[in-house]
Amino acid sequence: MLYFLLLLAQVVLLCWQPWLWLNGESVSGIGLSLVVADIVALI
Numbered sequence: 185m186l187y188f189l190l191l192l193a194q195v196v197l198l199c200w201q202p203w204l205w206l207n208g209e210s211v212s213g214i215g216l217s218l219v220v221a222d223i224v225a226l227i
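Start counting at 1 in the sequence shown, then tack on 184, and there's your number in the working numbering.
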């Protein structure tokens, strides 16, 4: 169950940041690194 919750949290974060970018928030180095870290964590 804990593994499922961690996986769900990673997927939500992976979708959340690009959604913010599409709504006008500027792309920052921290936001981009969070997306890359989420992708690596899901691999």
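Just so you know, these hints were derived from the structure itself, not from any lab. Backbone N, C-alpha and C define an ideal beta-carbon position, used for all residues, glycine too. Any given hint could be a false lead.
[Stated by the list, open to error] Now the in silico label distances, taken between C-beta atoms and shown as ranges: (1) I223 / L189: 15 to 25 angstroms; (2) S210 / L186: 16 to 26 angstroms; (3) L204 / L226: 27 to 37 angstroms; (4) Y187 / S210: 31 to 41 angstroms.
Status of each hint after checking the structure:
Range check, I223 to L189: Cβ separation about 19 angstroms, and the 15 to 25 angstroms hint holds. The hint said 16 to 26 angstroms for the Cβ distance between S210 and L186, and at roughly 35 angstroms that hint is violated. For L204 and L226, the Cβ-Cβ distance of about 19 angstroms falls outside the hinted range of 27 to 37 angstroms, so the restraint is violated. At roughly 34 angstroms, the beta-carbon separation of Y187 and S210 lies within the given 31 to 41 angstroms, and the hint holds.
Of the hints listed earlier, those the structure fails to meet are numbers 2 and 3, in rising order.
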